Every structure is written in structure tokens, then in C-alpha cells.
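Peer 1: Each chain, written out:
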Amino acid sequence: MKWLKNNRYTRATLNITALLLGIGLWSVGHASGLALPAPIEVVTRFGLLLESGIILVDIGASLQRVLIGFAIGTMIAIPVGFLMGWYWIARGLIEPYVQFFRTVPPLAIIPLAIVLLGIGEEPKILVISLAAFFACVIATFQGVVNVDKTLINAATVLGAKDGSIFFRVVVPSSAPFILVGMRLGLGSSWATLVAAELIAAQQGLGFRMQQAQLYYQLDTIFVGLLLIGFLGLAMDRILLLAELRLTSWQERRVS
Amino acid sequence: MQRLPKIQVKNLKKTFPLKDQNFVALDGVSLDIQDEEFVTVVGPSGCGKTTLLNVIAGLEKASGGEVLVDSQKVSGPSPERGVIFQQYALFPWLTVRENVEFGLKLAKKSKKETRETASHFIELVGLTQFADALPKMLSGGMKQRCALARAYAVNPKLLLMDEPFGALDALTRVNLQGQLLQTWQSEKRTVMFITHDVDEAVFLANRVVVMAAKPGRIKEIIEVDLPYPRHVDLRLTPRFGELRNRVWSAVYSQELDLASYGEQVSGQPTQKKKKGN
Chain W
1 MKWLKNNRYT
11 RATLNITALL
21 LGIGLWSVGH
31 ASGLALPAPI
41 EVVTRFGLLL
51 ESGIILVDIG
61 ASLQRVLIGF
71 AIGTMIAIPV
81 GFLMGWYWIA
91 RGLIEPYVQF
101 FRTVPPLAII
111 PLAIVLLGIG
121 EEPKILVISL
131 AAFFACVIAT
141 FQGVVNVDKT
151 LINAATVLGA
161 KDGSIFFRVV
171 VPSSAPFILV
181 GMRLGLGSSW
191 ATLVAAELIA
201 AQQGLGFRMQ
211 QAQLYYQLDT
221 IFVGLLLIGF
231 LGLAMDRILL
241 LAELRLTSWQ
251 ERRVS
Chain H
1 MQRLPKIQVK
11 NLKKTFPLKD
21 QNFVALDGVS
31 LDIQDEEFVT
41 VVGPSGCGKT
51 TLLNVIAGLE
61 KASGGEVLVD
71 SQKVSGPSPE
81 RGVIFQQYAL
91 FPWLTVRENV
101 EFGLKLAKKS
111 KKETRETASH
121 FIELVGLTQF
131 ADALPKMLSG
141 GMKQRCALAR
151 AYAVNPKLLL
161 MDEPFGALDA
171 LTRVNLQGQL
181 LQTWQSEKRT
191 VMFITHDVDE
201 AVFLANRVVV
211 MAAKPGRIKE
221 IIEVDLPYPR
231 HVDLRLTPRF
241 GELRNRVWSA
251 VYSQELDLAS
261 YGEQVSGQPT
271 QKKKKGN
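Chains as they are written, first to last, in my numbering: chain W, 1 to 255; chain H, 1 to 277.
Simulated from the structure, these hints should not be mistaken for lab results.
The structure presented is a predicted model; accordingly, all values stated were derived computationally and were not measured.
Keep in mind that the hints are not guaranteed to be accurate.
[Unchecked claim] In silico PhoX-like cross-links for lysine-lysine, where the CA-CA straight-line distance does not exceed 20 Å:
#1 H:Lys61 <-> H:Lys10
#2 H:Lys13 <-> H:Lys108
#3 H:Lys188 <-> H:Lys13
#4 H:Lys136 <-> H:Lys157
#5 W:Lys149 <-> H:Lys61
#6 H:Lys61 <-> H:Lys73
#7 H:Lys105 <-> W:Lys161
#8 H:Lys105 <-> H:Lys157
#9 H:Lys157 <-> H:Lys108
#10 W:Lys149 <-> H:Lys219
#11 H:Lys214 <-> W:Lys161
#12 H:Lys105 <-> H:Lys61
#13 H:Lys109 <-> H:Lys73
#14 H:Lys61 <-> W:Lys161
#15 H:Lys219 <-> H:Lys19
#16 H:Lys214 <-> H:Lys13
#17 H:Lys6 <-> H:Lys157
#18 H:Lys136 <-> W:Lys161
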């Protein structure tokens, strides 16, 4: 298709066209008798929920859980990842646990967490921070292991000792890995959140959908789903911007 | 000469453990380098020239023998011995200026001195316009000039250069050789320069050290009695030609010997061995 030029405007147009087509298909599905709410019903429901303030409370509760869990998880993951990458003894001691528990989905911890910590905020935050921790710790560790040996040699011959090699070479050069790890961590935190809220919560987007399921309110379920998608996307974009800004020194294939 | 040599390499031996035996990278290498001398080391891949440089730099430990710099035994890396790597090794997250200032900040120089020294060497290598650029904006030749400024900035007594122009195209190479000699003449240092390019070895050096492989050893040392400053056209003079031919035969006679030896033993031409780091 020669008349279509690959630039940001055509790409945006294609994106919007695809969205409109999707909504069109959805409407057709609704009209042809599938048990789906019409797009307009979902929007109306969203308006109602917004007006009553319920959905804002839910969003607030969910965001709070995810941000606290994510912050705890990454704040532990980054130093642990550095320790593992820098000191082989630390790696030997920590790696078995990381590799083992990494393969256990955080959701599988939920029953245990509820038994041990009850049904308050703690078990949810624990599970979310575990999800963030495992995604971020591996990335940080890889970042440290991948530091170019020549750069360390170059710093050494310029007079750098262990401390300055760590802070002036290892930290900046693993920053791109850490930021990717944080994005992955945020993604899995978000995924874990909704599941955690499905089980035991008084508010939150997951809880709201669970309630809607009981009362067969399909439109509310759709509102929840779309909100989860939009909020996750927004948080990922924010981290992506931070990543581009902090690692603009990298040589990239596409700028 | 009454003075002690700047660098004394005494009966140096370096082995690397391989599966069932030790690989001998350097065997009985002895070499004296005088103060402010420019020595190039040339030899085939796998002759241990990079290993020799790394041991002098203190980045690798000797298995036997020793290296003395100013009569002091080398036991580890030091800012007194600057190293220029083939892969530039600039810190990609720092600008040209920040790269050059890296060693000065570690040495806890005053802000003013740091800035002035950095500016001086950035200007010396002709990068003033690019002082605030990140390495990704620079060409290979510019990156290597920045690395040279960074090494000079900490005022090392000794510059160790490991095939610094190896990754550059022929034209840039010749340019940088001229610039390197200019820099060296205005800021005299003792230089050991590793290369596999015979022409480059002769053009730069007071003395050319030819090494041989299996095991890595010094085969021959050839004095280059051409006066500095040296101009690009020096390459066209008969004397340069003679010296180049001498170095060339010293380097390649062994390669050819090895190649025919390989054919006799296995019936196949020996493949060039990849350089062991």
C-alpha cells in the first residue's frame, strides 16, 4: 500500500481505527443477542458508579495496595539483586531461595497468607510485594552480572576502589536492567492485586467485580475490567517515560 | 644511560589453566623500557601481547617473574599506569567532559583543578566542541581520542595502549597515529603500544618489540632510528621501508613456519587462533 506512509500520524490513525472497529464488533455482538452489555450501558454504569463515589473508593483502595506492595517489593529486590550480583557468597546463599520461590506463583501464597495474616490489608500487600520482588530481583541481578568487565577495568586503572566502582560503574550501568525489572514487577503486582482482591476484600476493583458477578451485573464487570486495563497501562507508561529519561545514554536501534 | 629503566619486566611467565594442562601465554619475557620512550609491541594473534600489557597494568597477576615500575614491584592497578583499551571503554552514561573528569574526581582534586585539567586535555585531543556530548554521539576515532584525554588527565607516568586503533578504518587510523605522536611530544610519557599492524608499529616507535606465539615470547627488538616529529610522508622514505620490511619478516616468518607446520601435521592449513584475552 504505497499511499500509506509509516509515520506517527498514520500509526495513530490505525490504532484509533482498530479501537473503533473493536467497539463496532462489540455492538454487533450485543445486537445479535450475545449476553454482553452494550458499550453505552457500560459507559452509563461507569457514570453512575462515579457519581455515587463507589468506584473512586475502589480505585483508591486498589492503587494504594499495588503501590505499597510494589514499593516494598522493589525496595527489597534492588539491594538483594546487587548483593547477589556483586558478592558470590551472597549469591550462593540467596539464589536457591530466589530460584525456587520464583516458580511458585504469588497467588499460590494467598491461602497461606490469609491463614497467617488474616483478611486485612497485610496478606494482600505481602502477595503483591512478592510478585514485584521476584520480577525485579532477577533483573537487577542480571544487570550487575552483565556489567562490562572493560568498564570496571577502565575505572580501576583510573584509581577507583571497590566502593566507587560499585556506585560509579555498576549502579549506572545496571540501571536499564533495573528499570525493566521494575516495569515487569509493576505488571505482576497489578495482575496479582486483582486476584488478591477477589478473595477477601471490602473494596477495590477486584472486589467490585466479584460483587457484580454475584448480582449478574455484567456492565459493572466491564467497567472494572476496562479500568484495570487503563490504570495498568497508565502506570506502565509512566515507568517507561522514567526509563527513557534515565537511560537515554544507551545506544538504541530506534530512538 | 645512567638512569634506571622506567619499566623492568623480568623473566615474566603467565599461564592460564586449561582443561588438562596449563596454557603458557608468556614464557620468560624480559624487557626494559626507558623513561619517555615509545615502545610498540607487535606480533601474531595469541602471542601474549595483551597479556603482557595487562600484567604491567596490574589487571592480571604474573605466574612467575615480576614487573617493576620505577623499581617498585607492580601488585595491582594504579592511576600511575593509564590504560587505553581497544573497545574505548568510555562510560556511556557520562559526557566527554565527565569521562575525562572521572579519574580526577576519584583523586579528590579541587573543582577548579578538575575542570581546568579536563578542559586542557579535551582541547589537546580536539574535542572541545563535543565536551558535553554523550559517547553514543561520537565516531570511533573521537571515542578513542576521548579515552586518550581521560587517560592523560590523571597524569600517569606510563601509558599502556592495547590496540587502540584496531577497530578503526585505515584513514582514521593514520590520522590518529599522527595526533597521538603530537600529543605525546607535547606531553611526554612512557608509552607501551600494542598493535598487530607492522606499519603502525614502525611509524610510532623508538623501538619495536616483535613477539612470537606458542609460547608467547619476545623474538626480536628492532630500533627505529627515525627522528621525531614524524610526518605522514615518512612512510614513503626508503629508511622507513627497510625498517618495516625487517619488522614484517620478523613477525611473519614465524607465522609462515607455523602454517606449514600445521599442514604437515594435520594435512590442513592452520586456522588463525582467536586472540585469548
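Peer 1: If a hint holds in the structure, say so; if it doesn't, say that too.
Peer 2: Each hint, compared with the structure:
| no. | hint | result |
| --- | --- | --- |
| 1 | H:Lys61 <-> H:Lys10 | holds (14 Å) |
| 2 | H:Lys13 <-> H:Lys108 | violated (36 Å) |
| 3 | H:Lys188 <-> H:Lys13 | violated (30 Å) |
| 4 | H:Lys136 <-> H:Lys157 | violated (30 Å) |
| 5 | W:Lys149 <-> H:Lys61 | holds (16 Å) |
| 6 | H:Lys61 <-> H:Lys73 | holds (12 Å) |
| 7 | H:Lys105 <-> W:Lys161 | holds (13 Å) |
| 8 | H:Lys105 <-> H:Lys157 | holds (19 Å) |
| 9 | H:Lys157 <-> H:Lys108 | holds (19 Å) |
| 10 | W:Lys149 <-> H:Lys219 | violated (31 Å) |
| 11 | H:Lys214 <-> W:Lys161 | violated (35 Å) |
| 12 | H:Lys105 <-> H:Lys61 | violated (27 Å) |
| 13 | H:Lys109 <-> H:Lys73 | violated (27 Å) |
| 14 | H:Lys61 <-> W:Lys161 | holds (18 Å) |
| 15 | H:Lys219 <-> H:Lys19 | violated (28 Å) |
| 16 | H:Lys214 <-> H:Lys13 | holds (13 Å) |
| 17 | H:Lys6 <-> H:Lys157 | holds (9 Å) |
| 18 | H:Lys136 <-> W:Lys161 | violated (26 Å) |
Hint compliance for this structure: hints 2, 3, 4, 10, 11, 12, 13, 15 and 18 are broken, all remaining hints hold.
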